Structure formats: structure tokens, C-alpha cells
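**Q** Sequence:
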Amino acid sequence: RSSIRSLDLMGADSTAVTACAAALVEELKVERSVALRFARARQGDFSKAKPFLQKDLEWREKMHPELVKQADFPTALASGCWRMLGCTPAGLPVVIIQLGLWDPGKYDVDEYERSIIYFLEKIMGRGRGEKFVVMFDMHGWKLSHVMYMRNIARLLSTLQDHYPERLASALIFRVPGIFASAWRAIKRFVDPATASKVVFVGASPEAEHLAFAAAGAWELIPKSYGGPREGPVPVPNIPGECNVPSAPDLVP
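Those letters in the sequence shown? Residues 1 to 252, per our numbering, in order.
Calculated from the structure, these hints are not laboratory results. Any given hint could turn out to be false.
Heads up, simulated SDA-like pairs for lysine to any residue below, C-alpha to C-alpha not over 25 Å straight-line [claimed, not checked]:
hint	residue 1	residue 2
1	Lys142	Gly91
2	Lys55	Gly177
3	Lys197	Ser246
4	Lys69	Ser246
5	Lys142	Gly226
6	Lys55	Arg150
7	Lys48	Asp103
8	Lys48	Pro192
9	Lys223	Thr194
10	Lys122	Ile97
11	Lys142	Ala153
12	Lys197	Asp72
13	Lys187	Ser157
14	Lys122	Val244
15	Lys223	Ile172
16	Lys187	Gly177
17	Lys62	Ala12
18	Lys62	Gln160
19	Lys197	Gly125
20	Lys197	Met124
21	Lys122	Lys48
22	Lys106	Ser157
23	Lys50	Thr194
24	Lys142	Gly127
25	Lys55	Asp72
26	Lys62	Lys142
Now the in silico label distances, taken between C-beta atoms and shown as ranges [claimed, not checked]:
hint	residue 1	residue 2	range
27	Cys242	Trp59	35 to 45 Å
28	Glu31	Ser144	40 to 50 Å
29	Glu58	Glu26	39 to 49 Å
30	Phe189	Glu27	41 to 51 Å
31	Ser196	Gly125	24 to 34 Å
32	Ala19	Lys223	42 to 52 Å
Quick caveat, the model's predicted, so the values are computed rather than measured. Even for Gly, the Cβ is constructed at its ideal location relative to N, Cα and C.
Please take these sequences and the hints and turn them into a complete structure.
**A** Here it is, written out as C-alpha cells:
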């Protein structure tokens, strides 16, 4: 059976986290919301949170993630691997990643990183609050994907090092048996906070329905996945952004 739990999005911060965030605001001149996320990620330990946030600020000065545009990752975008489904009733953006459309051999790891940055930057401006839900459709996972562990590590490092406390839940579903050995290797790159938000969904339609509903995403699920949503889901399907006409449909 699928392990389903409610998403705790509004837990009260501890005194240590609040004090740490205040110190980060004072020393690094960042917004309180940013300071709180980095303080939470280090459980209010200022000696760890400060260098963690400093490293992120240096990365942002170098990468300018807010300026990444579709033209910076054309091949990855056109693959249709990533797309936004919409927002939950609570205002959380939902992204679906279809592994059957992932072909990292067609572009380098830097283009892949730019695609990750683009989606994370754009979707966080479309929802309410600070978190998002990601759904990994693992149907189509191939043994050859293991050759691209650098890409997977880059995905995790980008999320964990530069967007901490953004992930509400990661639903991993339609998982083939051959993924088990790969997951053991991938787990080495997953920090405990991220791992606690990963939900492996059971194989039955009922388990998928329960998992999608628990995440608040059921109304966004296309009919091709057993949900109520009519019509195709374009790429990237982010309000205010151009869609890619040539991108493949979202087909399980």
C-alpha cells in the first residue's frame, strides 16, 4: 500500500529557527522569508545556516537564476519531460516529470541544470506560499539512465542547496523493479529533509488516487492518468510563459 500522509506546510518555527533567521537577516541583508528557509534547513543552527546561505548567495550572483529563459535549454524543454499541471487548492504548484521522455544524452548537464532552475524559479512565482509538489512518473525508466547519475546529482544539489524548504512532497509512482538498485545509489545524494518528503506510491489505480488526492493534486490529474482533467497538458504550461508546440503529449 502507498504511504500517504498530510502535508505539514504551516508548522510553527522554533525559537532557535526564529533567532537564527533574525541573525541571517541582520548579517546577510536578505529577506526574512529567505532567512527562515535556510534557518529551518539547518534546524536553527546559525553556525551552519550562515555558510549555507552565503554559498547560495554566491551561486545566485554567478548564475542569475532569475534570468534563465527557455532559449537557454531548448533541447531539454522540447523533450516534454517536465511540465506544470497547475496549483492545488492550497496554492501549491504541481510539476510532473515523466521519465519516459527523459533523454539526457541529447544535452549536457549544464543545460539540464538550467532547465531545473527555470522551472523552480517560474513555478514559485505562480503559487501561494513557498512550497511545491513534484510527481515523478517512473514508467520508462531505463538501465541506461544510471549512466547519467551526474544529472540526478545536479537536480538534487540544485534543489537542496539553493531551494531548501521549497519541496512539500515528491510522489514517485509507476516504479519499475529495475529502479530499486538505482534508488540505492541516488539516496546517497538525498539529505534527510528531502528524503522525509519522498512518497513511493503503490502500483494500483486506487493507491495513485489516494496519493494524488492527499497532495491536493487530484483535480489536476489528466484522464490519461485516471484523473478528471480534460485535454492535453502543454509544455511548460506555466502562466505567462510560451508553450512549445512541438513538445510531446503527456502520455503514461
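**Q** Could you run down the list of hints and mark each one as holding or not?
**A** Hints, verified against the model:
Under the criterion of a C-alpha separation no larger than 25 Å, the hint pairing Lys142 with Gly91 is inconsistent with the structure, at around 34 Å. Restraint check: the Cα-Cα separation between Lys55 and Gly177 comes to about 38 Å, which exceeds 25 Å; the hinted pair is violated. Taking the CA atoms of Lys197 and Ser246, the gap is about 33 Å. The hint is violated against a cut of 25 Å. Between the alpha carbons of Lys69 and Ser246 the distance comes to roughly 18 Å, so the proposed pair stays at or under 25 Å and holds.
Between the alpha carbons of Lys142 and Gly226 the distance comes to roughly 24 Å, so the proposed pair stays at or under 25 Å and holds. Distance restraint check for Lys55 and Arg150: the Cα-Cα separation of roughly 20 Å lies within the 25 Å cut-off, and the hinted pair is therefore satisfied. Between Lys48 and Asp103 the alpha-carbon distance is near 37 Å, which puts this suggested pair outside the 25 Å criterion. Simply put, Lys48 and Pro192 have alpha-carbon atoms about 16 Å apart, close enough for the 25 Å limit, and the pair holds.
The straight-line distance between the Cα atoms of Lys223 and Thr194 is roughly 29 Å, outside the 25 Å bound, and the hint therefore fails. Proximity of Lys122 to Ile97 is assessed by CA-CA distance (about 16 Å); at most 25 Å being required, the pair is judged to hold. About 17 Å separates the Cα atoms of Lys142 and Ala153, which keeps this hinted pair within 25 Å; it holds. This hinted pair does not check out: Lys197 and Asp72 have alpha carbons roughly 30 Å apart, beyond 25 Å.
A threshold of 25 Å between alpha carbons decides the hint, and for Lys187 with Ser157 the separation of about 12 Å falls inside it, so the pair holds. Between Lys122 and Val244 the CA atoms are separated by roughly 16 Å; this keeps the pair inside 25 Å, and the hint holds. With a C-alpha separation of about 19 Å, the suggested pairing of Lys223 with Ile172 holds against the 25 Å cut-off. Between Lys187 and Gly177, the direct Cα distance comes to roughly 16 Å. Compliance with the 25 Å bound is thereby established for this hinted pair.
For the proposed pair Lys62 and Ala12, the alpha carbon gap of about 33 Å is over 25 Å, so the pair is violated. Between Lys62 and Gln160, the direct Cα distance comes to roughly 18 Å. Compliance with the 25 Å bound is thereby established for this hinted pair. This hinted pair checks out: Lys197 and Gly125 have alpha carbons roughly 22 Å apart, not beyond 25 Å. Between Lys197 and Met124 the CA atoms are separated by roughly 18 Å; this keeps the pair inside 25 Å, and the hint holds.
With a C-alpha separation of about 28 Å, the suggested pair Lys122 and Lys48 falls outside the 25 Å cut-off, and the hint is violated. Simply put, Lys106 and Ser157 have alpha-carbon atoms about 21 Å apart, close enough for the 25 Å limit, and the pair holds. This hinted pair checks out: Lys50 and Thr194 have alpha carbons roughly 20 Å apart, not beyond 25 Å. With a C-alpha separation of about 33 Å, the suggested pair Lys142 and Gly127 falls outside the 25 Å cut-off, and the hint is violated.
Distance hint between Lys55 and Asp72 is fulfilled; the C-alpha atoms sit about 23 Å from each other, no more than 25 Å. For a cut-off of 25 Å, the pair hint linking Lys62 to Lys142 is broken: about 34 Å separates their Cα positions. Range check, Cys242 to Trp59: Cβ separation about 27 Å, and the 35 to 45 Å hint is violated. At roughly 42 Å, the beta-carbon separation of Glu31 and Ser144 lies within the given 40 to 50 Å, and the hint holds.
As the Cβ distance of Glu58 to Glu26 is approximately 19 Å, the hint placing it in 39 to 49 Å is violated. At roughly 29 Å, the beta-carbon separation of Phe189 and Glu27 lies outside the given 41 to 51 Å, and the hint is violated. Range check, Ser196 to Gly125: Cβ separation about 26 Å, and the 24 to 34 Å hint holds. For Ala19 and Lys223, the hinted distance range of 42 to 52 Å is satisfied, since their beta carbons lie about 50 Å from each other.
Hint violations for this structure: numbers 1, 2, 3, 7, 9, 12, 17, 21, 24, 26, 27, 29, 30, all remaining hints satisfied.
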